[in-house]
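Participant: Same order as they appear, the protein sequences are chains A and B. Residues in the first sequence are numbered consecutively from 1, following my numbering. Residues in the second sequence are numbered consecutively from 1, following my numbering.
Fair warning: there could be bad hints in the mix.
In silico EDC-like links for lysine to aspartate or glutamate, alpha-carbon gap of 20 Å or less [stated by the list, open to error]: (1) A:68 x A:48; (2) A:68 x A:54; (3) A:68 x A:128; (4) A:110 x A:120; (5) A:110 x A:128; (6) A:110 x B:161; (7) A:110 x B:32; (8) A:110 x B:128; (9) A:68 x A:92; (10) A:110 x A:48; (11) A:110 x B:234; (12) A:68 x A:120; (13) A:110 x A:149; (14) A:110 x B:227.
No lab work stands behind these hints: they were computed from the structure. The structure presented is a predicted model; accordingly, all values stated were derived computationally and were not measured.
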Amino acid sequence: MRRPLRTALIPLAFVLMPPGAGQAGEFDATVTDVVENHILPRFDALAEASEALDAAALADCTPGPALKEAWGAAFDAWISASHLRFGPTEADNRAFSLAFWPDSRGATPKALSALIADSDPAVENAEDFTQVSIAAQGFYALEYMLYDDQFTGMGTPAYRCALIRAMTGDIERTTLAIASDWHETWAGYLLPPPSGPYRDEDEVLGELFGALSQGLQFTSDTRLGRPMGTFDRPRATRAEARRSGRSLRHVELSLAALRDLGERLSGDDAELLAQVDEGFQTAQDLAADLDDPIFAGVDDPSGRLRVEILQQAIDHIREQEAANIGARLGVGAGFNALDGD
Amino acid sequence: MTTFSKLAAAALSTTALSLSLATAAQAQEKAEVLTTYADIAAAAYGDSLTTAQALQEAVAALVADPSDATLQAAKTAWLAARVPYQQTEVFRFGNAIVDDWEGKVNAWPLDEGLIDYVDATYGGPTDENEFAALNVIANPTFTLSGEEVDASEITPELIGETLHEADGVEANVASGYHAIEFLLWGQDLNGHAHGAGNRPFTDYAAGDACTNGNCDRRGAYLTAVTDLLVSDLEYMAGQWAEGGEARAAVMENEDAGISTILTGMGSLSYGEQAGERMRLGLMLNDPEEEHDCFSDNTHNSHYYDGLGIQNVYLGNYVRADGSIVSGASLSDLVSELNPDLDAEMRMKLANTMRALGQIKTAAEAGFSYDQMLERGNAGGEALIMGGVDGLVDQTQTIERVVAALGADAIEFEGSDSLDNPGAVFQ
């Protein structure tokens with residue numbers, strides 16, 4: 001029951017903080033900055049890169065350099081926005097359909113094999129495709145179709161092509177819907193004065209702080225923790241997007257995105273900002289020096305130790321700088337989806 | 001120490017979470033709320049124990065005299081045992097004693113091929129689990145993580161200490177309710193169609209009547225795993241009884257104890273039940289992604305999980321014998337601070353119970369949970385999402401309760417190491 005995550009998540013999963021250190025509206029500038037300069041540009045970039053991905057697949061659906069590059073660019077954009085898991089990404093299970101991972105049950109290869117074996121006609125119709133298992137949708141499923149030998153040759157070329165185009169079309173529509181919801185509705189909910197599901201500024205700040213906290217937790221516990229396994233039993237094959245060699249890249253992209261959010265949430269507090277920068281820089285330097293793109297090194301003790309040191313640096317940000325940001329804003333991390341076992 | 005660091009230190013200290021610098025009267029009231037909470041835990045684990053003992057008797061009767069009737073009686077006893085146990089799940093998160101132990105009794109999902117024979121469609125070992133199809137019942141000796149294992153005698157120790165989570169893989173579930181469920185029902189091979197697992201009683205028959213081989217070993221496994229469940233539940237019931245460690249831990253600090261209650265409510269509502277157990281199964285359209293997949297009892301598991309959450313907020317639990325445990329509640333506490341918030345919390349918990357009740361009633365009327373999970377089944381999706389939405393919605397209000405109860409938090413314990421952020425990596 002995914003128990004290894006348990007102990008790691010308790011400290012920040014539920015934090016009681018004194019609410020509303022100041023009067024309503026004290027953090028208007030912080031919220032506005034995060035919405036306009038962190039959130040909206042990320043979802044715009046994701047939609048744009050996803051449109052380009054679909055165009056690339058329509059031009060040539062064979063898993064060649066052009067399609068792989070377009071997929072990589074769109075995946076980069078998703079990872080850089082993937083900590084913003086509330087509101088538009090959660091409607092209609094959009095985030096799950098873009099990114100079903102981790103896949104501890106092996107659901108993605110199972111679902112793809114089933115579609116291909118049955119020549120399932122759901123790929124011919126966009127609406128039908130939204131109904132298939134989310135494990136067969138999105139960036140991670142597409143990775144199998146582009147990089148895994150078992151799938152690049154499975155079934156007929158025509159079916160694989162239709163499947164890939166169904167995936168890229170769905171990614172495009174999903175990311176456009178997210179961006180559109182953000183512009184039309186959700187930016188307005190967050191921006192002062194809070195509205196929609198947010199009763200007051202504390203709830204808005206709690207949401208934004210939760211995204212930072214949960215993003216750090218996911219990168220530490222899941223992106224790094226899964227391949228690390230235990231000292232006696234490392235699990236290199238559980239590394240994220242290892243087929244395309246993107247495991248470490250995702251850690252770096254997420255750190256860069258979370259740093260940007262952390263800096264903005266530090267607002268005009270220069271001391272806090274310096275701490276946040278120092279904490280992230282330490283982790284980013286360790287990641288840059290790791291030279292282990294898919295964490296294959298976890299199989300030997302010294303390689304595993306290097307990954308563990310990176311993980312500790314990220315945990316340190318969670319425990320120290322992120323907690324201080326929460327203190328500045330007077331909010332806790334609340335509950336998140338990783339709270340189960 | 002800066003104010004930030006003090007706050008951060010407090011945020012990190014799970015044992016020293018301070019909800020408020022309470023007045024003596026407030027502390028007294030919180031202690032009463034915690035007493036009710038611990039009393040409900042003691043009663044619910046106690047009921048889990050007695051119903052598991054009834055299951056133990058039914059299993060003994062099945063193994064001694066296998067028949068349709070004794071198999072059905074054992075299944076009925078298992079279903080009854082789930083009713084109180086599921087209501088204890090709200091005690092998991094936040095109570096370390098429970099969380100460290102829970103995997104032994106209710107681990108899920110499982111690669112059942114570890115235990116017994118499975119259908120050919122199950123497949124063999126997987127990337128994630130080398131032992132997914134080990135089949136201990138058919139194999140008295142085998143190699144596990146490089147070591148030869150003697151499984152000629154199937155004992156609670158073998159199951160609990162060697163087989164459970166073998167090779168560090170969580171899907172190697174050898175003990176607990178779901179292992180027993182598999183041994184009573186067998187695999188549900190109906191896919192999305194109506195119907196549960198259909199293991200014949202002759203899987204436990206002696207001599208030539210034995211089906212699927214190794215009936216004596218299967219009986220030994222079922223007996224040992226049920227004994228283990230009973231002893232595990234005895235342990236946990238003791239932890240919550242007067243003088244038990246779990247009770248002492250939750251009573252130690254009133255504010256930390258209150259936050260434990262809320263942690264359990266929120267974590268079970270959101271990450272565990274709404275996410276892992278309900279929404280994920282729906283998104284994957286996988287009939288095995290139901291919590292009680294062999295017995296098709298998932299609708300009840302979800303319902304009683306939800307009821308457990310409502311129980312601890314209202315400070316009220318109906319025991320397996322119909323008697324009631326009740327007392328000072330979190331609801332009382334919130335109501336004094338903010339009656340509107342208490343009303344909101346109660347309403348949302350009630351909404352969730354209605355939504356989970358609709359899943360239960362539909363399932364009992366013949367529309368089983370695995371049918372609801374089928375791709376394109378709009379009615380099933382709406383039912384399950386109704387439950388998910390209720391749980392997510394109530395989590396938001398639980399967070400509001402956390403904020404409200406933390407309103408006058410001023411006392412924090414600091415840690416010097418946190419004052420020097422870069423220290424660890426300089």
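Participant: Run every hint past the structure and note whether it holds.
Facilitator: Status of the hints after comparison with the structure:
Restraint check: the Cα-Cα separation between residue 68 (chain A) and residue 48 (chain A) comes to about 16 Å, which is no more than 20 Å; the hinted pair holds. Straight-line distance between C-alpha atoms of residue 68 (chain A) and residue 54 (chain A) comes to about 11 Å, which keeps the hinted pair within the 20 Å bound. Restraint check for residue 68 (chain A) and residue 128 (chain A): the C-alpha separation of about 25 Å exceeds 20 Å, so the hint is violated. With a C-alpha separation of about 14 Å, the suggested pairing of residue 110 (chain A) with residue 120 (chain A) holds against the 20 Å cut-off.
The hinted pair formed by residue 110 (chain A) and residue 128 (chain A) meets the criterion: a straight-line CA distance of about 19 Å does not exceed 20 Å. The suggested pairing of residue 110 (chain A) with residue 161 (chain B) is violated, with an alpha-carbon distance near 32 Å, which exceeds 20 Å. Taken as a hint, the residue 110 (chain A) and residue 32 (chain B) pair is broken in the structure, with Cα atoms around 52 Å apart against an allowance of 20 Å. Only pairs whose Cα atoms come within 20 Å are accepted, and residue 110 (chain A) paired with residue 128 (chain B) is accepted, the gap being roughly 13 Å.
The hinted pair formed by residue 68 (chain A) and residue 92 (chain A) fails the criterion: a straight-line CA distance of about 27 Å is larger than 20 Å. Straight-line distance between C-alpha atoms of residue 110 (chain A) and residue 48 (chain A) comes to about 30 Å, which puts the hinted pair past the 20 Å bound. Of the supplied pair hints, the one linking residue 110 (chain A) and residue 234 (chain B) is violated, its CA atoms being roughly 40 Å apart against a limit of 20 Å. A C-alpha spacing of about 24 Å is found between residue 68 (chain A) and residue 120 (chain A), which places the hinted pair above 20 Å, so the restraint is violated.
In summary, the hint linking residue 110 (chain A) to residue 149 (chain A) is supported, as the alpha carbons are separated by about 15 Å, within the 20 Å threshold. The straight-line distance between the Cα atoms of residue 110 (chain A) and residue 227 (chain B) is roughly 36 Å, outside the 20 Å bound, and the hint therefore fails.
Violated hints for the displayed structure, listed by number in ascending order: 3, 6, 7, 9, 10, 11, 12 and 14.
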